[in-house]
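One line per chain: the protein sequences are L and V, in this order. Each residue of the first sequence is one higher than the last, beginning at 95 in our numbering. Each residue of the second sequence is one higher than the last, beginning at 7 in our numbering.
Bear in mind the hints are in silico, worked out from the structure with no lab data behind them. Fair warning: there could be bad hints in the mix.
[Said to hold, decoys possible] Calculated lysine-lysine pairs in the PhoX-like style (CA-CA distance at most 25 Å, straight line): (1) K46/V x K248/L; (2) K547/L x K469/L; (3) K463/L x K547/L; (4) K393/L x K463/L; (5) K425/L x K152/V; (6) K205/V x K79/V; (7) K152/V x K515/L; (8) K223/V x K205/V; (9) K205/V x K195/V.
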Amino acid sequence: MANNQELTNLVNYGLVKAHVAMGLIFFIIVALMGFLYSLQLDGIYPFPGIEFLSPGRVRMIHTAGAAYGFLVNMFTGLLYWAVPRFTGYRVLSNALGWFMFWALQAAVLITVVAILFLGQADNVEWGETPWWIDPIIVFWLLLHLIQFGAPLFKASQRGPLYVSGWYISAMLVWTPLVVFMGNLIPRFWSAGSGAGAVQSTFIHDLVGLYVTPVAWGLMYYFVPIILKKPMWSHGLSLLGFWGLAFFYPMNGVHHFLWSPIPMFAQYSAVFATVAIEFAVTSVLINFMMTIRGSAEQLKYNIPLRYMYTGAIFYWITCFQCAFHVTLTFQKVIHFTDWVTGHAHLIMFGTFGLWVLGMAEYLWPKLFGKETMYSKGMSEGAYWLLTIGVFAMFFDLTAAGLVQGFDWIGLNPWIDSVNFSKPFWYFRSITGIMMLTGLFMYAINFYKTATAAKGLTAELKSESA
Amino acid sequence: MSKMERFSFVALVAGIIFFLFADFVSWALPMFVLKDIPMKKVEELAAEAKAKNTSAWADFLRLAKVYYPEQFKKYYGEPNEETFAEALRVGHHWYVAEGCWNCHSQMVRPVSNETLRFGIPGVSNTVSYPSEFQNELQAPVLWGTKRIGPDLIREAAVHDIGWQAAHLYNPESTSPGTNMPGYPWFFEKDEKGNIVPNKRGIGMLVYIMWLGSWEVKPTKEWALK
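Make the full structure from the sequences, and use the hints.
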């Protein structure tokens with residue numbers, strides 16, 4: 095009990111709960127938006143002719159909402175748990191934390207209103223927030239830097255930081271720079287090809303310098319804790335981190351290969367992207383060797399299973415990337431659904447599953463319970479989400495090839511739409527699977543939080 | 007080794023130095039290479055369209071004087087360089103706000119037969135080049151990352167105003183089988199009950215008919231008699 099007391103003082107449970115809950119709510123909302131948009135592609139959009147539910151606007155909520163509503167909320171909540179616990183110091187200020195919480199929700203809400211109702215959007219992919227809200231987000235991210243930078247800085251006065259600390263420290267510095275760069279430079283200080291180079295760098299940096307490092311930082315924290323053993327190799331941890339830090343920021347221009355951006359920038363992006371697969375593989379080897387000998391835990395430990403499933407999806411995505419980033423592949427797959435499949439496997443399949451796993455690990459603890467409300471719902475959600483997202487990835491990858499070759503073949507444009515229809519129908523079905531999984535997951539969360547009696551865990555076997 | 011694992015080292019080396027180096031390679035250097043291409047304001051684009059009598063200028067006059075004269079007068083006034091620039095801005099704003107760029111790219115690549123597919127062969131089917139994007143309406147750039155519909159950067163030569171208006175109001179009417187949504191809020195009814203574009207609709211039409219008009223060769227013989 096005394097132990098618990100101490101941890102309560104270290105971690106602000108309220109902030110973790112609030113951010114994770116809002117992150118989950120936004121996850122469901124943005125998934126619904128994506129599903130709605132997919133119905134437009136199927137030709138069965140349920141709200142035709144309604145201005146504020148125009149599919150183009152809904153799609154921007156899907157992407158911008160996934161960035162700021164879902165991922166930023168989820169990661170911030172998980173950081174409020176992890177950072178104080180591995181540094182041993184509290185975050186800078188609880189009051190600041192609550193201010194940041196409400197400011198973030200307000201920023202997301204204003205973005206939704208602006209895009210759906212006011213016709214205010216920005217044509218930066220993943221930065222669809224209207225330009226006048228971007229300085230506010232940058233300011234928020236600076237607060238985020240001092241909020242989490244404080245415990246990390248204090249801890250590193252005392253000794254070297256743990257791996258998670260490197261990833262999160264770098265991410266805290268990168269993110270405000272990335273958002274400032276990607277949203278404001280293309281609008282006010284450049285245009286055309288120069289702006290395109292900045293925008294492509296932004297698309298990739300928001301993934302590579304915010305989502306990826308914070309997620310790996312959390313993985314390096316949660317996986318050893320759940321497995322109750324250290325990472326396999328510190329050397330590989332170092333290699334993975336510095337490889338990511340050096341090569342990832344240079345990847346961006348690969349989003350616009352064969353574009354009017356000067357070729358040296360395109361070549362350097364291809365080179366850096368292939369290089370980063372080696373860093374990624376080193377990280378994956380480290381995680382796979384860590385679980386060696388404890389793999390049977392994957393059978394009953396659902397949070398851990400989410401994390402390793404996500405890790406495998408991560409490696410698949412990155413391996414795929416090493417090939418399709420080449421100029422040869424780009425001839426066929428650029429502008430097709432292949433890319434959409436790739437993006438969903440990484441954002442939903444990896445980062446989505448990771449945050450769901452981490453949140454499921456935390457959630458009972460936050461409410462003083464030992465397990466989730468329903469094991470069955472946990473299992474059901476896991477399988478629906480995993481199968482759903484992988485099926486979507488597979489389906490869209492195939493659709494991308496069909497579209498790409500059809501376009502090269504100079505058939506009438508409408509052919510590529512008709513040929514894609516079966517793939518798009520199937521994609522909507524996988525969307526239903528994923529949404530069902532999310533609802534199941536959310537109900538389980540709600541029931542766990544509100545369950546009257548303490549849910550207790552039963553010992554399955556001695557090795558547990 | 008232990009120095010590498012401190013907050014200040016990570017923040018400085020990874021957070022700042024690596025980031026700046028990558029930005030230098032990825033976009034600062036490309037911008038430096040492209041710096042001599044003049045950056046055009048919308049007013050300059052309008053002046054250029056008029057001076058060169060491009061198809062965009064002809065289509066603009068046709069729209070304002072023949073197709074929708076009352077609507078144009080009501081929302082924009084006289085057709086001249088200023089109102090052309092204004093309509094371009096309005097059209098561009100709604101092209102972005104409606105997320106047109108989610109499904110339509112604005113870049114013709116030098117591969118995959120794209121020069122044959124987009125535009126009209128022999129008239130407007132060149133590869134995209136840096137200077138055509140160096141203007142205010144491409145900040146941020148509208149290349150896009152996904153095509154559900156075709157590329158639009160050579161659209162000026164492909165369809166005329168009437169087709170575009172019908173297509174925006176009800177895409178099925180011009181492109182059977184399409185899954186593009188209609189945009190009825192770009193239109194209104196005039197006194198006679200005809201469906202005509204409103205301010206946004208006129209802006210969209212002017213903007214779309216401007217896309218790639220600088221590449222239409224020879225200039226369309228569409229000047230009003």
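Which of the listed hints are not met by the structure?
1 and 8
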